[in-house]
Every structure is written in structure tokens, then in C-alpha cells.
Amino acid sequence: MAEMSLPDLVGSILGFSLTLMVFSYVFGDNALFRATIHLFIGAAAGYAAVVAWYNVTWPQLFLPLILGSQSERLYALFPLVLSGLLLFKISPRLSGYGSPAVAYLVGVGAAVAIGGAVLGTIFPQTLATINLLDLEAIRQSGETPLWLLIQGLLIILGTVTTLAYFHFGARQKLDGSAKRAEWIEILALIGQVFIAITLGVVLAGVFTSALTALIERVNYIADFILPLITGQ
Amino acid sequence: MIVASTALFIGVANLLRVHWGKIRMARPGSAYSVLLIVSLVVTLVVAGLFGPTAYWPMWIFNNIQLPIESSLMAILSVVLIYSAARLLRRRIDLFSVVFTIVVLIILLGSGPIFGIEIPGFHGPDGLRALIMQVPAVAGARGILLGVALGTLATGLRVLMGVDRPYGR
Amino acid sequence: MDEIRCPMCGKPNPADLEECQHCQARLKPLMNTSDWQAEEPPFPESTPQPSDTSGDEASMDEWLSFLRENEEAGDDQGSSGDSTFEWLEDETDDESDKDIWMGPDESDEDLPNWLKEMGTDDLPTEPERVHFPEEEGDQEIELEGEEEPDWLQKIRTRQMEESSVQPETEFGSTAEPGETAGPELGDDLDEELSLIAEFEQDIDTGEYAGEAVPEFEIEQEALPEGMEEEIADELPEPAEDEFPAWMAGVVAGSAAAASLEVDAETEGLPEWLSDLEKSSTLDQEEIVPFGEEGDDLTFDWLQSQVRADQDIPFGDMSEPEGELADIGPVSPFVGDLSDFLEDAELSTLESGDVLEETKGEDLAPADLPHWLEAMRPIDAAAGMYAMGDKDAPVESSGPLAGLQGVLPVEPEIAQLKKPIAYALRLQVSENQQAHADLFEKLVKSEGEPKAIAGRPVLSSQYLFRLIIFVVLLLAIAWPIFTNSQVVPLPGLSPEVLDTSKIIGDLPDNPLVLLAVDYEPGLAGELEAISAVVVDHLMLKGAYLTLVSTTPNGPALAERMIAEISASGGHSYQGIDRYANLGYIPGGVIGLQGFARSPRQVAPYALDPDSTSVWTRPPLDQAQNLAEFDLVAVLSDDPGRAKAWIEQVQPALDDTPMVALISSQAEPLVRPYYHAYPKQVQGMVVGLAGGGSYENAHQDLAARSGVARRYWDAYTLGMLAAAILIGAGGVVNVIAKILETQKQAKAGGKS
Numbered sequence: 001m002a003e004m005s006l007p008d009l010v011g012s013i014l015g016f017s018l019t020l021m022v023f024s025y026v027f028g029d030n031a032l033f034r035a036t037i038h039l040f041i042g043a044a045a046g047y048a049a050v051v052a053w054y055n056v057t058w059p060q061l062f063l064p065l066i067l068g069s070q071s072e073r074l075y076a077l078f079p080l081v082l083s084g085l086l087l088f089k090i091s092p093r094l095s096g097y098g099s100p101a102v103a104y105l106v107g108v109g110a111a112v113a114i115g116g117a118v119l120g121t122i123f124p125q126t127l128a129t130i131n132l133l134d135l136e137a138i139r140q141s142g143e144t145p146l147w148l149l150i151q152g153l154l155i156i157l158g159t160v161t162t163l164a165y166f167h168f169g170a171r172q173k174l175d176g177s178a179k180r181a182e183w184i185e186i187l188a189l190i191g192q193v194f195i196a197i198t199l200g201v202v203l204a205g206v207f208t209s210a211l212t213a214l215i216e217r218v219n220y221i222a223d224f225i226l227p228l229i230t231g232q
Numbered sequence: 001m002i003v004a005s006t007a008l009f010i011g012v013a014n015l016l017r018v019h020w021g022k023i024r025m026a027r028p029g030s031a032y033s034v035l036l037i038v039s040l041v042v043t044l045v046v047a048g049l050f051g052p053t054a055y056w057p058m059w060i061f062n063n064i065q066l067p068i069e070s071s072l073m074a075i076l077s078v079v080l081i082y083s084a085a086r087l088l089r090r091r092i093d094l095f096s097v098v099f100t101i102v103v104l105i106i107l108l109g110s111g112p113i114f115g116i117e118i119p120g121f122h123g124p125d126g127l128r129a130l131i132m133q134v135p136a137v138a139g140a141r142g143i144l145l146g147v148a149l150g151t152l153a154t155g156l157r158v159l160m161g162v163d164r165p166y167g168r
Numbered sequence: 001m002d003e004i005r006c007p008m009c010g011k012p013n014p015a016d017l018e019e020c021q022h023c024q025a026r027l028k029p030l031m032n033t034s035d036w037q038a039e040e041p042p043f044p045e046s047t048p049q050p051s052d053t054s055g056d057e058a059s060m061d062e063w064l065s066f067l068r069e070n071e072e073a074g075d076d077q078g079s080s081g082d083s084t085f086e087w088l089e090d091e092t093d094d095e096s097d098k099d100i101w102m103g104p105d106e107s108d109e110d111l112p113n114w115l116k117e118m119g120t121d122d123l124p125t126e127p128e129r130v131h132f133p134e135e136e137g138d139q140e141i142e143l144e145g146e147e148e149p150d151w152l153q154k155i156r157t158r159q160m161e162e163s164s165v166q167p168e169t170e171f172g173s174t175a176e177p178g179e180t181a182g183p184e185l186g187d188d189l190d191e192e193l194s195l196i197a198e199f200e201q202d203i204d205t206g207e208y209a210g211e212a213v214p215e216f217e218i219e220q221e222a223l224p225e226g227m228e229e230e231i232a233d234e235l236p237e238p239a240e241d242e243f244p245a246w247m248a249g250v251v252a253g254s255a256a257a258a259s260l261e262v263d264a265e266t267e268g269l270p271e272w273l274s275d276l277e278k279s280s281t282l283d284q285e286e287i288v289p290f291g292e293e294g295d296d297l298t299f300d301w302l303q304s305q306v307r308a309d310q311d312i313p314f315g316d317m318s319e320p321e322g323e324l325a326d327i328g329p330v331s332p333f334v335g336d337l338s339d340f341l342e343d344a345e346l347s348t349l350e351s352g353d354v355l356e357e358t359k360g361e362d363l364a365p366a367d368l369p370h371w372l373e374a375m376r377p378i379d380a381a382a383g384m385y386a387m388g389d390k391d392a393p394v395e396s397s398g399p400l401a402g403l404q405g406v407l408p409v410e411p412e413i414a415q416l417k418k419p420i421a422y423a424l425r426l427q428v429s430e431n432q433q434a435h436a437d438l439f440e441k442l443v444k445s446e447g448e449p450k451a452i453a454g455r456p457v458l459s460s461q462y463l464f465r466l467i468i469f470v471v472l473l474l475a476i477a478w479p480i481f482t483n484s485q486v487v488p489l490p491g492l493s494p495e496v497l498d499t500s501k502i503i504g505d506l507p508d509n510p511l512v513l514l515a516v517d518y519e520p521g522l523a524g525e526l527e528a529i530s531a532v533v534v535d536h537l538m539l540k541g542a543y544l545t546l547v548s549t550t551p552n553g554p555a556l557a558e559r560m561i562a563e564i565s566a567s568g569g570h571s572y573q574g575i576d577r578y579a580n581l582g583y584i585p586g587g588v589i590g591l592q593g594f595a596r597s598p599r600q601v602a603p604y605a606l607d608p609d610s611t612s613v614w615t616r617p618p619l620d621q622a623q624n625l626a627e628f629d630l631v632a633v634l635s636d637d638p639g640r641a642k643a644w645i646e647q648v649q650p651a652l653d654d655t656p657m658v659a660l661i662s663s664q665a666e667p668l669v670r671p672y673y674h675a676y677p678k679q680v681q682g683m684v685v686g687l688a689g690g691g692s693y694e695n696a697h698q699d700l701a702a703r704s705g706v707a708r709r710y711w712d713a714y715t716l717g718m719l720a721a722a723i724l725i726g727a728g729g730v731v732n733v734i735a736k737i738l739e740t741q742k743q744a745k746a747g748g749k750s
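Protein sequences, first through last, are from chains A, B and C. Counted the way this note's numbering counts, the first sequence spans residues 1 to 232. Counted the way this note's numbering counts, the second sequence spans residues 1 to 168. Counted the way this note's numbering counts, the third sequence spans residues 1 to 750.
Over the 12 Å line for every Cβ pair with chain B, so calculated as not near, a few chain A residues:
no.	residue
1	Ile66
2	Gln70
3	Asp134
4	Leu135
5	Ala137
6	Ile138
7	Arg139
8	Ala170
9	Gln172
10	Lys173
11	Gly176
12	Ala181
13	Ile225
14	Leu228
Straight-line Cα separation of at most 30 Å, DSBU-like style, residue types lysine-lysine; simulated pairs:
no.	chain 1	residue 1	chain 2	residue 2
15	C	Lys450	B	Lys22
16	B	Lys22	C	Lys444
17	C	Lys450	C	Lys742
18	C	Lys11	C	Lys418
19	C	Lys540	C	Lys678
20	C	Lys450	C	Lys736
Simulated from the structure, these hints should not be mistaken for laboratory data. All C-beta atoms in this analysis are idealised placements derived from N, C-alpha and C, irrespective of residue type, glycine included.
Given only the sequences and the hints, what does the whole structure look like? Please build it.
See the structure below:
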């Protein structure tokens with residue numbers, strides 16, 4: 001183990017201790033785990049606030065107001081007013097005055113989300129699904145065309161049936177019940193299979209990430225303990 | 001972005017208010033609130049004085065925040081295995097069986113088994129890769145398109161004033 | 001001090017009082033009755049001995065027999081009448097004397113002499129003129145006592161036949177038939193009642209027992225036109241045999257009194273006596289005795305009162321015969337009267353022997369004067385009683401004692417009544433109380449926390465979790481602690497190959513935008529990926545521009561650069577080698593703005609020495625993101641990765657974008673990689689991707705090799721997880737099947 005400064009040593013001990021305290025949750029909820037969580041939340045919130053101040057609020061709002069030119073000040077006036085209104089959200093009694101700022105954020109966010117959804121997902125993904133049957137692209141890929149076509153058809157089938165599963169429009173029958181059309185029900189059933197496969201892959205991926213984190217933590221513990229044991 | 005950073009400040013302020021109230025009212029668990037506020041204030045002071053990427057703020061980040069968050073993610077693996085194992089006890093149908101089989105295939109196909117890669121199972125042409133590239137992509141694409149269409153509809157409703165999540 | 005019993009209420013009063021202190025009735029008659037006992041009895045020839053209370057019938061018989069003898073005596077009624085009414089002349093008060101109105105005690109056997117000596121001899125021969133108080137329409141009714149009236153005969157005969165019957169009433173005597181002269185009625189009603197009481201005493205003494213009651217006859221001429229008919233219509237006709245006992249006494253007394261000559265001018269006579277005439281204008285034959293009813297007159301008003309006293313229901317007065325036939329002798333006075341009046345010594349008409357004798361005789365109804373009719377309380381009450389007011393309270397004191405349905409003196413509203421005691425407790429039935437209790441339980445249970453069944457400390461779930469943790473930990477710890485690196489790294493995957501190719505094709509000192517958008521929790525996985533990729537970029541001499549949309553990104557970026565630089569031997573320090581632009585707030589909004597104008601959105605770096613990084617090389621050459629050589633997105637979240645792809649990738653033009661993502665983000669990012677045209681040109685996914693990249697760049701793996709270090713533990717961990725999931729799933733399936741079978745058996749048995 002390399003020579004460690006005192007802060008690093010203390011930090012290592014602290015990290016090691018906190019790791020074990022979190023692992024104690026396996027045996028059940030306890031005070032050590034709760035204390036660790038609260039410590040983490042406080043530190044994370046404080047660091048986030050400092051980063052936001054250092055990165056955004058101070059250089060882009062207050063500095064232009066203080067040291068900036070007139071145009072920069074005017075430019076900073078609008079976010080200043082909105083930020084001031086947003087601060088009213090802290091008080092439940094005066095939170096109504098912060099609604100305009102929230103509305104501005106929601107409106108801009110909705111617009112950006114629409115643009116991104118349409119230009120970034122709907123068009124490209126639809127095009128990608130269509131192009132699965134592009135023979136030219138298949139030929140250029142160098143792979144077996146039949147196999148690619150089958151894959152393409154399966155992808156198209158999966159995509160369409162998955163979308164059909166999320167179609168919940170139904171007509172109300174005379175007896176008051178609402179049920180989807182039979183052909184949509186068949187497509188939805190097939191889509192459920194694809195969704196089950198996708199969600200299985202997602203779960204496996206999440207577990208993989210968690211397992212990697214566990215490996216990293218165990219490695220961290222090993223890096224702390226082994227030098228103490230071996231003296232290296 | 002400035003307004004968004006202000007929203008972050010409001011979130012931190014609300015966190016302080018809630019836990020300060022718990023301390024003042026001496027509710028159960030107020031000792032934890034004391035620890036939270038102490039850590040927040042210390043981090044604010046240290047990072048504010050030295051900067052977010054200075055030594056001591058990074059020391060706090062590397063030795064407190066990162067170990068805790070990584071450990072939380074690590075114990076998630078135990079929970080995920082437990083929930084996957086009990087899935088079939090709660091419900092046995094086609095979809096739960098397909099789900100479990102896919103999970104097993106992906107896990108086993110992620111790496112060699114005892115150092116042995118099974119042909120047709122492992123590798124870029126193996127079963128795992130095929131599942132990842134065809135049915136998973138199909139399902140994910142359908143989900144992405146569905147999410148995009150929902151985002152489009154919800155965004156239009158917000159812009160037209162039908163939904164008002166910001167209040168009246 | 002001696003006490004006098006009130007004849008009305010029967011309560012004792014001091015002897016010196018003239019009026020009762022309870023009901024204000026006269027205690028003493030208006031004459032001096034103290035010496036009358038000592039005087040010559042009016043009927044000296046017949047002096048019936050006072051009889052015991054037990055020998056009532058005997059005394060009644062004696063009284064009646066005495067009356068008979070007097071009647072046979074004939075015309076000496078005048079003198080007899082004089083002698084008979086001598087007792088009335090004496091007005092001296094003698095306190096020591098026994099008052100006539102004082103009822104005798106039960107043990108008192110001393111009867112006045114006049115009662116003993118009274119006989120039929122004193123029966124008046126001439127009808128006596130009875131003077132009533134002068135009122136409108138008052139007419140004198142003359143009593144004629146020339147012959148023994150039929151009613152008296154009836155009374156006598158009844159007494160003789162029923163010698164063993166106990167008198168039930170106070171008055172039951174009958175007067176001798178032939179005895180005329182009814183009661184000498186004075187102006188005052190009280191005096192009349194006192195006279196009646198006196199006659200009752202006569203009956204009690206048995207002086208006139210067995211004697212017929214003289215009949216009274218009222219001149220019908222005295223009545224105004226139409227009154228006879230009215231009287232006849234109103235008054236029911238009592239049966240002949242229902243002659244009340246007290247009426248018999250009254251009649252007898254009246255007969256005895258009628259025989260006396262009353263001299264109004266005689267000194268000492270009471271007022272009412274002075275109005276009496278010796279001759280009676282009444283035809284005794286026309287006299288209708290009390291209890292008997294004629295066509296024109298019926299004394300049913302008096303009879304009704306008597307019936308009330310005797311608790312005899314007042315039925316339909318239009319059918320008196322049947323009722324009266326069933327009704328025994330009745331007393332006109334209520335039960336509070338003096339004992340002597342209630343004494344059984346008074347002859348009664350219970351047996352009806354005397355009346356039976358005169359049953360067949362028709363008696364002419366007497367014409368009551370108007371004022372007398374007005375004084376009939378029973379008539380007024382009879383109508384009420386006829387309407388069925390049988391539950392009316394009985395007046396217990398006063399002149400109307402014994403009457404039922406008397407109007408109260410005070411209005412009801414003024415009467416002090418005890419307020420109704422309302423129960424403080426709510427009056428609910430048992431069923432209502434049960435429902436209320438149930439509802440209360442339901443409401444209370446809402447606020448109460450539901451008791452959770454106690455769990456065992458070591459449950460199967462807890463043990464299973466422990467087993468999973470232990471197995472997983474062992475599978476991971478062993479390769480880590482043993483630094484095992486025997487498992488070969490994975491082969492090159494297409495996405496990793498593309499990424500490697502893209503980076504390899506970068507020019508020297510490329511301008512690379514590195515988006516550090518992951519959380520510290522997955523720093524281990526992303527660092528395992530980024531270590532080899534970023535090392536490869538560092539080898540290329542790339543200027544790394546670090547940016548993040550998370551607040552922790554700048555710190556993670558700094559950490560990553562420091563570690564990789566240290567492990568790879570690179571000197572990436574300061575603004576000359578990399579620029580940490582810091583945190584871009586707003587999520588997709590910030591990315592959209594950064595993609596369009598990165599200089600405005602992120603004008604400064606976190607380096608305290610740099611105020612504006614965009615004016616320094618090489619960033620001064622990049623006006624927008626399309627002028628970057630490569631955009632690499634390090635993300636653990638599929639949403640953030642998607643946001644970068646959606647918002648930034650369209651603005652990149654030909655600049656490639658690679659995704660260095662966690663395994664959990666792969667499913668939702670891979671479609672972008674498999675799109676045509678590709679939106680993501682390369683992907684390195686998870687530890688396997690990093691190992692694959694290291695496998696492709698062995699020189700890099702030797703320096704950084706994080707994936708190599710983790711790979712053995714990773715494969716063992718994945719194998720252990722698969723085994724645990726598989727085994728646990730099989731066990732749970734078997735348990736589920738067994739549980740289902742058990743439930744099916746239990747359901748089948750039930």
C-alpha cells in the first residue's frame with residue numbers, strides 16, 4: 001500500500017466504515033444504516049447546491065448584474081425576475097406567486113421534449129423500422145440477406161405488437177363493458193411476449209450494474225484490508 | 001438554466017425546512033435530521049469556500065458520497081436476485097416464465113461459465129446476442145415509440161393548457 | 001279535648017269548632033243538639049234501644065217497627081210531631097254533649113233518646129209545607145202525610161224480610177209506610193244535608209228500622225208548564241226495589257219530622273224550622289221515595305251520587321231498572337264521612353224487602369222546583385259520565401266530595417305539577433345500542449393502526465436473503481482477494497468494435513466532448529468502461545471537454561480524469577489538457593441550449609484559473625458542437641442517454657457520437673445504435689464492453705485494466721446469480737404447486 005497521507009487514511013477508513021454500515025442493511029434496517037443515509041443526503045444536497053451556485057447562479061446571474069454591461073444586465077434581468085418568483089415556492093402560503101416561473105419551466109420543457117421526441121425518436125426509429133426491409137442496406141451489410149430479413153421482420157413484428165399492447169382504446173358494448181377488438185387483442189398478446197423479453201433484458205442489465213458496483217465495493221474493501229494484512 | 005438552478009436551491013431549502021421542523025418538534029428520528037443538517041452545512045461551507053473541485057470538497061465526495069451511493073447500488077443486487085427468484089411463486093404464467101428464462105440467458109451469457117464459452121450461447125452470434133439484438137430491440141423500440149408518442153401528447157396538452165401541472 | 005268528626009270528610013276536628021277545618025263543612029247543626037238527648041224523645045212509645053254495630057239488622061228492624069207503631073198511633077202526629085221535633089227546638093250548645101254531627105265511635109253505643117223515641121206517632125197527618133229559599137220559579141212543595149206513603153211501606157216490608165242482611169250502606173233504613181212528611185228542608189243546602197245525615201243517624205240507631213219511609217208527594221201544580229215533562233224526560237225511572245238505604249232513612253226521618261208540628265214562631269227554632277208548616281201539601285201517595293222513580297220526577301241525581309260513593313259505575317241512566325236492580329243500597333255520601341254514617345247500624349235497603357213490598361206501587365214523580373234542580377250536581381255530572389268519562393278523578397274533599405269529574409278549582413295551567421322527570425340517558429333499544437356500538441368500533445378502528453402479526457426473527461425470506469448475500473459475496477470476494485484473472489475477457493462485439501474504430505480514426509489531439517452523466521453509485525462500472533476508452537483518447541492527445549447534466553458530474557469527471565491520468569501515466573492536469581465545463585442545469589432544456597449555443601450555456605470552466613475557456617485554444621475553434629471531433633456520452637441512466645441522443649445528436653451533423661453506458665441503459669439505447677442511419681455510432685456497454693474493449697487493446701488493459709481486475713469476479717457473480725435465481729425459482733414453483741394442492745384438498749374437504 002502506497003504511502004497515504006493522513007486525510008487519505010482517514011478518508012479510506014471513513015469510506016470503509018460507511019460501506020460496511022450500508023451493507024448492514026442486509027441483516028435488516030438499523031440505526032447505522034439510517035445514519036449513513038442521512039449523512040449521504042446532506043452531503044449530496046450541499047454539494048449540488050454549491051455546484052449550481054458556482055456553475056450557474058453566480059457567473060450567469062449575479063456577475064452580469066454586478067460587473068456586466070448594460071446589455072448583459074438586461075439579459076440577466078429576465079432570469080432574475082423568474083428566479084425571484086420561483087423563490088416564493090418555498091413558502092406554502094406564498095407559493096402561488098411562484099407559479100409563473102414554474103409555468104415557464106414547464107412550458108419550455110414540454111416544447112423541448114416534443115421536439116426531441118419527434119425529431120430524435122419518432123422519425124428516426126420509424127425510419128429505422130422501415131429500413132429493416134431495405135434490401136440495399138442489407139446487401140451492403142455483408143450478412144446473409146434472408147437472416148437479416150427475418151430479423152427485420154421480427155423487429156417490425158415486435159415493434160408493432162408492442163405498440164398495439166399500449167393501445168387501450170375500446171368501444172363500449174351494449175352491456176356496458178369495454179373491450180378491445182379481437183385482432184388488437186391478438187397483437188397485444190404477441191406484444192406482451194416482446195415486452196416480457198425486453199423487461200427481462202432490462203432486469204438483467206440492472207443486476208449487472210449492481211453486481212459491478214458490488215464488485216467495486218468489495219475491491220475497495222480488499223484494497224483497504226489487504227495492505228493491513230499483508231503489509232504491502 | 002438559471003431558473004432551473006434556482007429550482008435546485010429551492011429543493012435544498014425545502015429539505016432544510018423539513019428536517020429543521022423535525023428537530024424543532026422533537027419527532028422520532030430527529031437525531032438523524034441533525035446529522036443531515038450538519039453534513040449539509042459542512043459540505044456547503046467547505047465546497048463553498050474552496051470550490052466544488054478543490055481537495056477538500058473532493059475528499060468529502062470521494063470518501064462519503066461515493067462509497068455510500070456505491071454501497072447502496074451494491075446491495076441492490078441481493079434484492080434483485082431475491083425478487084427474481086420469488087417471481088414464479090407470485091404468478092406462474094407464460095410471461096413470467098419467459099421473463100425468468102430471458103434473465104437467466106442474459107446472465108449466463110454475459111460471460112464464460114467457469115471460463116468456458118459455450119458456442120451458440122456466448123459470443124456475438126450467440127443466443128444472448130441474438131436476444132439482445134432482435135426481440136429486445138423490437139420491444140425497446142416499441143417502448144421508445146410509445147414513450148415518444150406519449151411525450152408528444154402530454155407536451156401538446158401542457159402547451160394548450162389542458163393540463164396545468166404548475167397550478168392554476 | 002274531645003274531637004268531632006266531620007260528617008262530610010270524616011276527619012277529626014276539635015269539639016269547639018263549628019266548621020270543619022279541612023272541608024269547611026258545618027260540624028254542628030244549627031240547633032242545640034246537646035240537650036235533645038236529654039229531652040223527651042219524640043216517640044216515647046217506641047224507644048228502640050241502641051244496638052251494636054254488629055246488630056244492624058236488628059236495629060233497623062226496631063226502627064222500622066217503631067215507625068209502624070207510630071203510624072198506627074194515628075192522629076197524634078201533631079203532638080208527636082211537636083214532641084218529635086222538640087229536639088229541633090233546642091239550640092243550646094253544650095260542648096260536653098255529643099254533637100249530632102259527630103259520628104259515633106265504633107264503640108259508642110249511646111244513641112240519642114229522640115232517635116229511640118221517634119215513632120210513627122209523630123208522623124204528620126197533613127202534608128207539610130216545605131219552604132225552600134225563594135228563587136225564581138221557586139214553588140212551595142207541600143207534603144201531605146195523611147196516609148203512610150207507599151215507599152215507606154216498601155221500606156218496612158223490606159226490612160222485615162231481610163233481617164239477616166248486613167247493611168252495606170250507611171243509610172238503609174226505611175220509614176214506616178204512612179209516614180208523611182219528608183225532610184224539613186231549610187234554606188241552606190248544608191242544612192239539608194245535615195238533616196239527611198241526621199236521618200241517617202236515625203237509621204243507624206235502628207229507631208226507624210224496618211219502617212217504611214213515608215212517601216213524599218209533590219204537587220205537580222207547583223211546577224211550571226213543561227217542567228214536568230222535562231223532568232220526566234230527564235230523570236230515569238229507578239226500580240222500585242233499588243231504594244237506597246240512606247234514602248230510606250231520610251224518608252223515615254222526614255216522615256218522623258213531618259209528624260211534628262213546627263211552629264215558626266217558637267222561640268229558639270232554627271230558621272229552616274220556622275218555615276216548616278205542619279201540614280204537608282204533598283200527597284203522600286204521590287210522593288216518590290228516594291230510590292223509586294216516577295214519571296215526572298226521579299231523585300236519580302242523589303242516587304247517582306250515592307252510586308259514585310259506592311263505586312258503582314254510572315251507566316246509562318236511561319236504563320236504571322236493570323242497573324238499579326243490581327245495585328245494592330248506596331250511600332249518598334262518600335267514604336270520608338263520619339264513621340257513624342258509615343256504620344253498618346244504619347239500615348239499608350240491600351235486602352230490598354221493604355221495597356219489594358211497595359214494588360208494585362207506582363209512585364208519582366215529584367215536581368222539583370227549579371232551584372232544586374239547579375242544585376243537582378249529579379245531573380251535570382251525569383252527562384259527563386254518560387260520555388264515558390269513567391277515569392275522571394274523584395273529588396276527595398269539599399262539598400263535592402265523592403263526585404267524579406269535578407272541575408278543578410285551579411286551572412290546569414296553574415296547577416303545580418311535578419315536572420316530568422326525563423331520563424338523562426338516551427332511551428334507546430337494545431338493537432339500536434348494538435348498532436351504535438358496532439358503528440363506534442368501526443370508526444375507532446380507522447384511526448388505530450392495524451396490528452401486524454409478529455414475524456419470526458428468522459423467517460424464510462430473511463434466510464433466503466442472507467444466503468443470497470453470502471453466496472454472492474463469496475463468489476465475488478474470492479477472485480478479488482485472490483486477484484484471480486484466469487477467465488478470458490469477452491470477445492470484440494460489433495458495438496465495441498465500432499467504438500474502437502471511431503476513436504482510432506480520430507485525428508491527433510482531437511477535440512472531444514465527454515459527457516459525464518452518471519451517478520456515483522455506478523461509478524465503478526462506468527469507470528471500468530471509461531478507464532480504457534478515456535485512456536485511449538488520452539493516448540490520442542485528445543482535449544477533453546467535460547460537461548454534465550447532473551450536479552455530481554463535475555466531481556465524477558474530475559475523479560475520472562485524475563485516476564486515469566495517474567494510472568495511464570498521462571499528465572492531464574489543468575485547463576491546457578482538459579476543461580471541466582461543469583454542470584448544465586435544466587435537463588433536456590439545458591441540453592437543447594447547449595447543443596445550439598454551448599458558449600452561452602457553459603461559458604466558464606470550473607478551473608479557478610479560467611474565467612472563459614472558450615477563448616482559449618483549442619475551444620476557441622469550436623463555435624458549436626458539430627465542430628467537435630467526437631461526442632462520448634457516459635451515462636448510467638437510459639433517460640439521460642436518450643436525452644443526449646435526442647437533443648444533441650441532431651446538432652452534431654457528421655460528428656460521431658458514442659455511448660459509454662451502463663448495462664442497465666443498454667436495452668433502451670441499443671435501438672438508437674441499430675437505427676438506420678445510426679444515431680449512436682458506437683456503444684461500450686457495461687463491464688463486458690469494457691472488457692471487450694480491453695481485449696481489443698491489450699496495451700491499454702495492461703495499464704488501466706479495471707475490467708480485467710473485475711472480470712473473474714464478474715463471471716462468478718453472474719453464475720452465482722443465475723444459479724440462485726434458477727434454484728430459487730424452482731423451489732418457489734414447487735412450493736406454489738404444493739400450496740395450491742393443499743388449498744384444493746382443503747377446499748374439497750370443505
